[in-house]
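Visitor: Could you build all of it, start to finish, from the sequences and the hints given here?
Protein chains: 4
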Amino acid sequence: MSAPVAVIVGVGPGNGMAFANRFAKEGYRVALLSRDASQMDAYASQIDGARGYPGDVTDTGQIDASFAKIQSDLGPVETVVYNAGSGAWGNVDELTPEDLAANMDVNATGLMRVAKAVLPQMRGKGHGNLIVIGAGAALRGRPGTIAFAAGKAAQRSVAQSLARQLGPERIHVAYVVIDGAIDLERTRARMPDAGSDDFLKPEAIADAVWGLTRQHPSAWSFEIDLRPFKENW
Amino acid sequence: MSAPVAVIVGVGPGNGMAFANRFAKEGYRVALLSRDASQMDAYASQIDGARGYPGDVTDTGQIDASFAKIQSDLGPVETVVYNAGSGAWGNVDELTPEDLAANMDVNATGLMRVAKAVLPQMRGKGHGNLIVIGAGAALRGRPGTIAFAAGKAAQRSVAQSLARQLGPERIHVAYVVIDGAIDLERTRARMPDAGSDDFLKPEAIADAVWGLTRQHPSAWSFEIDLRPFKENW
Amino acid sequence: MSAPVAVIVGVGPGNGMAFANRFAKEGYRVALLSRDASQMDAYASQIDGARGYPGDVTDTGQIDASFAKIQSDLGPVETVVYNAGSGAWGNVDELTPEDLAANMDVNATGLMRVAKAVLPQMRGKGHGNLIVIGAGAALRGRPGTIAFAAGKAAQRSVAQSLARQLGPERIHVAYVVIDGAIDLERTRARMPDAGSDDFLKPEAIADAVWGLTRQHPSAWSFEIDLRPFKENW
Amino acid sequence: MSAPVAVIVGVGPGNGMAFANRFAKEGYRVALLSRDASQMDAYASQIDGARGYPGDVTDTGQIDASFAKIQSDLGPVETVVYNAGSGAWGNVDELTPEDLAANMDVNATGLMRVAKAVLPQMRGKGHGNLIVIGAGAALRGRPGTIAFAAGKAAQRSVAQSLARQLGPERIHVAYVVIDGAIDLERTRARMPDAGSDDFLKPEAIADAVWGLTRQHPSAWSFEIDLRPFKENW
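Protein chains in written order, with our numbering: chain U, 1 to 233; chain P, 1001 to 1233; chain L, 2001 to 2233; chain V, 3001 to 3233.
It should be emphasised that the hints constitute simulated quantities derived from the structure, not laboratory data. Hints should not be assumed to be uniformly reliable.
Derived PhoX-like pairs: lysine-lysine, alpha-carbon spacing no greater than 20 Å straight-line [stated by the list, open to error]:
(1) L:K2230 to P:K1125
(2) P:K1230 to L:K2125
(3) P:K1201 to P:K1230
(4) U:K125 to U:K201
(5) V:K3069 to V:K3116
(6) U:K230 to V:K3125
(7) P:K1069 to P:K1125
(8) V:K3230 to U:K125
(9) V:K3069 to V:K3125
Not everything, but these chain U residues come out facing chain P in the computed CB check (under 7 Å) [claimed, not checked]:
(10) V92
(11) Q160
(12) P168
(13) R170
Note that the Cβ used here is the ideal one computed from N, Cα and C, for glycine as well.
Guide: In structure tokens:
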């Protein structure tokens, strides 16, 4: 019961599971939050001692309830990896205002919901980590990313506001700018000519996330970028 | 009827009226959009030939209807100044997810609603201007601006996506980063020790907005910043 | 003798002459600085009342002497357009440390030399403008621009330091990010497939520079970008 | 003789020694480069198996000679930490063009000299790391940092150009943005009211540098920032 607790918000076959595996391997009790409760249990069952919780980040009540349940089941949360995301691809003609609003809800407002739910637990412990998985799109809007980029830009801004407020409370908020395609079955299918070197490996991203949570408080990063060595950027 | 048409979205006693006055003075037919229809008519009555229209930028149907009415009343729109904004001040403890969502709705989704409503008119004309009034907060999140900064960051991203797509169609989208306090009665009341030189004058901002709409297409700006000469930045 | 004085530092057939023409047309006495004194007189002879001065921005003594001479010939300088530049194209393997140093000397140290030479004159007048012609490369380094981009990044930093210090003294320092190819004979020759719409017109850039010097002090820009409407950015 | 070789360029009592100690502890042969050859030997003598070399980064010949000597003494270099720096503090009135040029020479041109000297060795090995110790000043110029900020801005640009070119050759170039005061005797003396939590510890910075050299090539960072958790930024 005294093992530290990590929560992965937004678990799928790629990054989410890699984060969960890494924290489990390092001795953490791991809680997996996902929109799809059925899928959730399937993921949790693959990791020793992990548990799944409902995690629709657009639902404040559900997020609050799940973090309360995690605290009573596993103890107060020390680390959250915010991996929820949503991509609606298209330009101003192809997407609706609702698409844009949905992207900002999942990426930015969801992050605020999770922060508000977990802060009392981290403050109770006297420290914590909130690592947000972002994207290069946060830094620039392009025609086909009018919704995704805005969601990520808002998310990065929220993360920065949180980092500046919470740093002095020893709660480390960091933003990871993923700049490239992640090595997933569905990404490979979309990029048939790409080779293995063209993708970010989820385990390598997990390594960076883990490293952020190990930084000495005298030298915390707010933002790091990650891309394959071959990437043209 | 052949005078060009400018729409000011978000009219209040400061910038909005200054924009309206400037475009009216330059020979434009001016439409004023505001959330508050009663106030709207009072503003419109101060400007020769101006008309007020309902303009709640969070309401897609109302925005669509107002732009349709403007076209039938005044002709196709050439220039929009997007001046809608909303500021909920406070940090993660003081604000709610709804505050954040509301800021992003007014600043970013509202901009997309207006763009979608006006694009057919600008495309019909073969050119147009969409000038967005932004803020320095778009570039950085701070503890007390968790909602405002995220709304402005998302707005800037949307504007950039629009600019990159629409430039080649001769529709000029630009973002004005206001960095400082605007000279309004309520701002003066909040900063009693400040002198006249500490504020941005709405007429000077209007001058910059007008200048953006006059740029030759071989040298368009996407982003300009504006601040008082005395500002410490 | 009471006409205001503008100095164009770095005059060639493109931007420099367009700046000179614009300020002359607006009633300024214009001084043209160039590395090549012979060429200098040929340029000056094309503009009514303009005079040429030696202007090697890498030579502190020459810059100091030319600004002293301008003051005694034409009166104290009100506006400087810093258009000196130098591009050594190539990557780390193709260029030498001397190429890099030369780029930084012309772009950044030269700007400081000119600022130091002209500041007493502007301070004497109680106001002034120093407009720096920069480039998109200031914002990002790329393999083939290791020297040019570093020179422009350093230049932008110097301009920002100057702007923040001198704004309260009513001396307006601004940085113009040129993002695209300028319409010159030699650029056209290098891009044979490009059409007229693909280039920035020097007169349009001059219009933006002029506009910066006309901004009301309550709403000064530090940075504006300029690119052709068709540019893919 | 088969231990990997790390070169610390710019060794002093703070970061430089911390980097050297870290790489030595991890099994590297360490070469220390410093402007002051006498001091150099004193530092090297504190680290098992380390050697000092003359390292005035403003002298191309000396840098080339030292890297050639390192290769013949220790073998081809795998990792360089570029820690050379120079700060001339003051504004445009207080500093000279020579101060600015000197800062850019040490920070940016020196980095290019070192890159050119070490590249053949890294290319021969098929991989390498070049970690550059930067500063927050790289991102913004301020009145009192007209020379330092420009030097760091140019340095960051050079690093970015190198990173984009060399990544595909498996040579990892990264830039570390130090944002805060480092815990050194002389910094403490300058900030008598600061507590231990207000400073970056050299060992913590060394940890971040080490981590960058361990990143999997599928997820390399170009830029990370580091600051004390209490920092107001």
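Visitor: Run every hint past the structure and note whether it holds.
Guide: Going down the list of hints, with the structure as the test:
no., hint, verdict
1, L:K2230 to P:K1125, "18 Å, holds"
2, P:K1230 to L:K2125, "18 Å, holds"
3, P:K1201 to P:K1230, "13 Å, holds"
4, U:K125 to U:K201, "32 Å, violated"
5, V:K3069 to V:K3116, "15 Å, holds"
6, U:K230 to V:K3125, "18 Å, holds"
7, P:K1069 to P:K1125, "17 Å, holds"
8, V:K3230 to U:K125, "18 Å, holds"
9, V:K3069 to V:K3125, "17 Å, holds"
10, V92, "6 Å, holds"
11, Q160, "4 Å, holds"
12, P168, "10 Å, violated"
13, R170, "15 Å, violated"
Comparing the model with each numbered hint stated earlier shows that hints 4, 12, 13 do not hold.
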